[in-house]
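Participant: Which chain is which? The protein sequence lines are V and Y, in order. Here UniProt numbering is used: the first residue of the first sequence is 1, the next is one more, and so on. Here UniProt numbering is used: the first residue of the second sequence is 1, the next is one more, and so on.
Calculated directly from the structure, the hints in this document are not laboratory data. By construction, the Cβ of each residue, glycine as well, lies at the ideal position given by its N, Cα and C atoms. Misleading hints may appear alongside valid ones.
[Stated by the list, open to error] In silico negatives: residues of chain Y with every beta carbon more than 10 Å from chain V: (1) Leu8; (2) Thr16; (3) Thr27; (4) Glu33; (5) Lys49; (6) Thr61; (7) Arg63; (8) Glu66; (9) Lys181; (10) Arg206; (11) Arg207; (12) Thr215; (13) Pro221.
[Unchecked claim] The list that follows gives simulated cross-link-like pairs (lysine-lysine, BS3-like), each with its CA atoms no further than 30 Å apart: (14) Y/Lys94 <-> Y/Lys158; (15) Y/Lys87 <-> V/Lys229; (16) Y/Lys94 <-> V/Lys13; (17) V/Lys6 <-> Y/Lys290; (18) V/Lys84 <-> Y/Lys94; (19) Y/Lys201 <-> V/Lys77; (20) V/Lys226 <-> Y/Lys214; (21) Y/Lys214 <-> V/Lys229; (22) Y/Lys107 <-> V/Lys77; (23) V/Lys6 <-> Y/Lys163; (24) V/Lys84 <-> Y/Lys201; (25) V/Lys229 <-> V/Lys145; (26) Y/Lys137 <-> V/Lys6; (27) Y/Lys276 <-> V/Lys10; (28) V/Lys77 <-> Y/Lys158; (29) V/Lys226 <-> Y/Lys137; (30) V/Lys29 <-> Y/Lys276.
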Amino acid sequence: MTLAVKRTNKVLKNEKIAEGIYDMWLEAKDMASFAKPGQFVSLYCNDGSRLLPRPISICETDQSTESLRLLYRVVGKGTEEFSKLRPGDMIDCMGPLGNGFTFEGTRALIIGGGIGIPPLLELAKRLSCEKTIVLGFRDETFLVKDFEKYGSTYVATENGNLGTKGNVLDAIRKHRLTGDIIYACGPAPMLRGIKEFAMESKIKAQLSLEERMACGIGACLACVCKSVKTDPHTNVNNKRICKEGPVFYAEEVIL
Amino acid sequence: MKNADINLKVNIAGITFQNPVTTASGTFGSGMEYSDFVDLSRLGALTTKGVSLDPWPGNPTPRVAETYGGMLNAIGLQNPGIDVFIKRDLPFLKSYNTRIIVNVVGKTEEEYCAVVERLSDCDVDMLEVNISCPNVKEGGIAFGQDPKRVEAITKQVKKYSKKPLIIKLSPNVTDIGENAKAAEAGGADAISLINTLTGMKIDVERRAFVLANKTGGLSGPAIKPIAVRMVYQAACAVQIPIIGMGGIMNGEDALEFIMAGATMVAVGTANFINPKATMEVIDGIEAYLKRNNIKDINELIGCVR
Numbered sequence: 001m002t003l004a005v006k007r008t009n010k011v012l013k014n015e016k017i018a019e020g021i022y023d024m025w026l027e028a029k030d031m032a033s034f035a036k037p038g039q040f041v042s043l044y045c046n047d048g049s050r051l052l053p054r055p056i057s058i059c060e061t062d063q064s065t066e067s068l069r070l071l072y073r074v075v076g077k078g079t080e081e082f083s084k085l086r087p088g089d090m091i092d093c094m095g096p097l098g099n100g101f102t103f104e105g106t107r108a109l110i111i112g113g114g115i116g117i118p119p120l121l122e123l124a125k126r127l128s129c130e131k132t133i134v135l136g137f138r139d140e141t142f143l144v145k146d147f148e149k150y151g152s153t154y155v156a157t158e159n160g161n162l163g164t165k166g167n168v169l170d171a172i173r174k175h176r177l178t179g180d181i182i183y184a185c186g187p188a189p190m191l192r193g194i195k196e197f198a199m200e201s202k203i204k205a206q207l208s209l210e211e212r213m214a215c216g217i218g219a220c221l222a223c224v225c226k227s228v229k230t231d232p233h234t235n236v237n238n239k240r241i242c243k244e245g246p247v248f249y250a251e252e253v254i255l
Numbered sequence: 001m002k003n004a005d006i007n008l009k010v011n012i013a014g015i016t017f018q019n020p021v022t023t024a025s026g027t028f029g030s031g032m033e034y035s036d037f038v039d040l041s042r043l044g045a046l047t048t049k050g051v052s053l054d055p056w057p058g059n060p061t062p063r064v065a066e067t068y069g070g071m072l073n074a075i076g077l078q079n080p081g082i083d084v085f086i087k088r089d090l091p092f093l094k095s096y097n098t099r100i101i102v103n104v105v106g107k108t109e110e111e112y113c114a115v116v117e118r119l120s121d122c123d124v125d126m127l128e129v130n131i132s133c134p135n136v137k138e139g140g141i142a143f144g145q146d147p148k149r150v151e152a153i154t155k156q157v158k159k160y161s162k163k164p165l166i167i168k169l170s171p172n173v174t175d176i177g178e179n180a181k182a183a184e185a186g187g188a189d190a191i192s193l194i195n196t197l198t199g200m201k202i203d204v205e206r207r208a209f210v211l212a213n214k215t216g217g218l219s220g221p222a223i224k225p226i227a228v229r230m231v232y233q234a235a236c237a238v239q240i241p242i243i244g245m246g247g248i249m250n251g252e253d254a255l256e257f258i259m260a261g262a263t264m265v266a267v268g269t270a271n272f273i274n275p276k277a278t279m280e281v282i283d284g285i286e287a288y289l290k291r292n293n294i295k296d297i298n299e300l301i302g303c304v305r
């Protein structure tokens, strides 16, 4: 039984915080209180020519106002439509979907890259253990101050704008960062690198994956990833990112 | 007029369905994922995702892409195979008070027949033979584009089936009427149409195909006028009942298919946009009948000629 619901939610705030990156708060009764770090919501376009929901990770929840924070990048017409929403506008939303991160270990190494960074904020907020946070950006940074509240935060930028010049792994090696559990979300090449790093350093790693989705609830089988063991749905090696994921242990999946 | 005075029941091959709304194969799994959102017992029937003899892993990702008013999919019929279906999915489906239509797929004629034979002693209501999937290299559409092959496979599968048989037709043909007649001549108890239209999307920034499979099946409201036209043409060509589908989003869309000649309709892509779409289609049909003072849905089947 899932706790997901579909309803029309009110936009509380929707602001551009970096080039192409928007910060939205949604009123989300029946969603915010159940949402776990690492879960996502499906956002639906108001324009009927754009049928499919856009899966957006939950960046933060506010239990007192029952609202959700979604940080998203404008990558196409759907997200462009979202970027034009104003406070008071309504948007169809389904969630919370998928499985979130599992809390474990005593020294967390939280690693985010680009638009994979947002879901790690709620995680950093809720984890009570010792936390080291590494954030990688192409050039412009975002959310860094939000993360600094929850742990020692290191930044890497590809152009050397801020922090280590290079990627998250360069920052990890430079500062000799470690932990007993890795939580990571970011582009596929970054996750492949982190999986390798985690194996070498013998650190358990939870990775949050993404793929093009349709239904978001495990029925259409669009968003599968290759898994080491057979999956519970089809008994092949295809885990559903929306249902069994989006968070997987590094050793479970073939990236 | 009260709702209780309205008859939504329809009949195909001697089987009564409580209403004319089912699910389009592949958009509803075996119902499990949707049971959190809708009461499956309200469906006229639940049509399952295609079931093959062995588990099929499907195609590489990306498997879906959005297009204007529609979507392309190239899932490739990923499914757990008949053993898991019978052991896991069927008992789940039997816990609901709805008719069960099992969609059958295969790479060869023998494989279709083997799955059909396995299902013959199962407690299911009808079988739908998918000879129209555009996303697999073997089987699927290969059987569905030539009327001679449509008739031949229908005859062959019919020999193994103790259940009434629906043949699911492809729209990727020159003359849908010929294929409908071929299925009827082969002994089909009903036909369903349309499956998806073969399409393609190119990412101009990356200068690459969006789908890993290059092509995919187009579905959604964008294809509805084609689907309605084809259901009409098929209805003019054959006597057997038709299950119509293609872009149905609401009750009025469903009624177009019924007026064109469909006895039942299937809701597909709409489930991805609104998990309660099937219920809204049933309610929409009922509201239309009430509004127009029509007592029996059967009065509307093929009423536009």
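Participant: Which earlier hints can't be squared with this structure?
Facilitator: 3, 4, 5, 6, 7, 8, 13, 16, 18, 22, 23, 25, 26 and 28
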